[in-house]
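So the chains spell out like this:
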Amino acid sequence: MERSDESLIDAINKGDSEAFEKLYHRYRDWVYRLAWRFTGDENKAQDVLQETFVYVLSKVPNLHLTAKMTTFLYPAVKHISFRITEKTTHIPLEETDDEPACNIDMKVLDGQSDIGAVLAALPAKQQEVILLRYVDDFSVEEIAESLGVPAGTVKSRLNSALKRLREEPRTKKYFFE
Amino acid sequence: MANFEEQFEDLENRLSDGFATGLKKAIKQPKPVSPAADEFIIGLAQKKLRRPSRFRIIRWAVPAASAAAAILLVAILNNQPKQALQPALVKETRVAGFAREDIDRNGQVNILDAMKLAKGLKQEQKINKEWDINNDGQVDGKDVDVVAYSAVRLDKGVM
Numbered sequence: 207m208e209r210s211d212e213s214l215i216d217a218i219n220k221g222d223s224e225a226f227e228k229l230y231h232r233y234r235d236w237v238y239r240l241a242w243r244f245t246g247d248e249n250k251a252q253d254v255l256q257e258t259f260v261y262v263l264s265k266v267p268n269l270h271l272t273a274k275m276t277t278f279l280y281p282a283v284k285h286i287s288f289r290i291t292e293k294t295t296h297i298p299l300e301e302t303d304d305e306p307a308c309n310i311d312m313k314v315l316d317g318q319s320d321i322g323a324v325l326a327a328l329p330a331k332q333q334e335v336i337l338l339r340y341v342d343d344f345s346v347e348e349i350a351e352s353l354g355v356p357a358g359t360v361k362s363r364l365n366s367a368l369k370r371l372r373e374e375p376r377t378k379k380y381f382f383e
Numbered sequence: 008m009a010n011f012e013e014q015f016e017d018l019e020n021r022l023s024d025g026f027a028t029g030l031k032k033a034i035k036q037p038k039p040v041s042p043a044a045d046e047f048i049i050g051l052a053q054k055k056l057r058r059p060s061r062f063r064i065i066r067w068a069v070p071a072a073s074a075a076a077a078i079l080l081v082a083i084l085n086n087q088p089k090q091a092l093q094p095a096l097v098k099e100t101r102v103a104g105f106a107r108e109d110i111d112r113n114g115q116v117n118i119l120d121a122m123k124l125a126k127g128l129k130q131e132q133k134i135n136k137e138w139d140i141n142n143d144g145q146v147d148g149k150d151v152d153v154v155a156y157s158a159v160r161l162d163k164g165v166m
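Chains A and B, in that order, give the protein sequences.
Just so you know, we're using the numbering used here here: the first sequence kicks off at 207 and counts up by one.
Just so you know, we're using the numbering used here here: the second sequence kicks off at 8 and counts up by one.
Looking at chain A on its own, in the form it has when it is part of the complex:
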């Protein structure tokens, strides 16, 4: 039977490096793909991957999960990607009033696909909740926890995004009447 994240973290806090290795391999690909989405660059995504798990290690022996592991990792990956991208390109990313924007790098989107083209045209915050909900399979509550915003805000952003997708001829077909 597969050990739970909580059990692995408990072992890691006691100095079990094999438990860390298991946890790393469990979330490595997700963290890497997420970083790839943010940065659009495989080398930078690997840097983000490494820094993210260095951050996890820095929390030991006081690493505690209060939510799902992905919910814990998402803000770290986002923050590190944001910093690395900003540092290496010297182009300020879009900032808004309440939180840094999350721009999916357009290089990772297949512009030929209907969904890719429509998603690219959505505001950054709407892109983010759509990706978390339908690519990463987060619940509304998990998205809220990851972004540090109320669940109502997440629903509002999802609602706005879905409305646009439903009105857009290229993505209208994904909605039942």
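There are no misleading hints in this set.
Here are some of the chain A residues that sit facing chain B, going by a computed Cβ distance under 10 Å:
| hint | residue |
| --- | --- |
| 1 | H231 |
| 2 | E248 |
| 3 | D253 |
| 4 | V262 |
| 5 | L263 |
| 6 | V266 |
| 7 | L315 |
| 8 | Q318 |
| 9 | V341 |
| 10 | K361 |
| 11 | S366 |
| 12 | R372 |
Using C-beta positions, here's what the derived DEER-type ranges look like:
| hint | chain 1 | residue 1 | chain 2 | residue 2 | range |
| --- | --- | --- | --- | --- | --- |
| 13 | A | E208 | B | A76 | 41 to 49 Å |
| 14 | B | G148 | A | E373 | 55 to 63 Å |
| 15 | A | E224 | B | T28 | 31 to 39 Å |
| 16 | B | D111 | A | E347 | 33 to 41 Å |
| 17 | B | E13 | A | H285 | 27 to 35 Å |
| 18 | A | T272 | B | N10 | 30 to 38 Å |
| 19 | B | R57 | A | F382 | 50 to 58 Å |
| 20 | B | N10 | A | D311 | 31 to 39 Å |
| 21 | A | R232 | B | E13 | 30 to 38 Å |
| 22 | B | D111 | A | H285 | 15 to 23 Å |
| 23 | A | H270 | B | D147 | 31 to 39 Å |
Rather than coming from a laboratory, the hints here were simulated on the basis of the structure.
Heads up, the beta-carbon is just placed ideally off N, CA and C, and yes, glycines get one too.
Fit chain B to the given chain A structure using the hints.
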């Protein structure tokens, strides 16, 4: 329930599974993570996590050892001229006011210093002689190990 919440739930109920599938397909896949990246992070974890188990001994042993070390240090210092010790220590451990392990010169020794040194070696940049942290005449992976160890060691003190 707010109006937009009802609207959202209605819209999501009308959304077909094909949307999520199509969205996942619309995102290109990167090449796999390199084995070197895996090795770096796993190696680092082994270094950091090895020590708690090594020190997972009777609790009183740690303060007792610290006290013994302090007594020994006082005894040694009392038998050494201070001026003869201090300049050598400074020369060996600090460069331009920074710890030698502080590769990025930001005033802190952390794991980013080890990563920067490892990356510098990997990219075969012009090798900085100051990066010969272990004083063996070469700048190589052993120096990265020393920096990584300094970054994650329990006392976290930078000499």
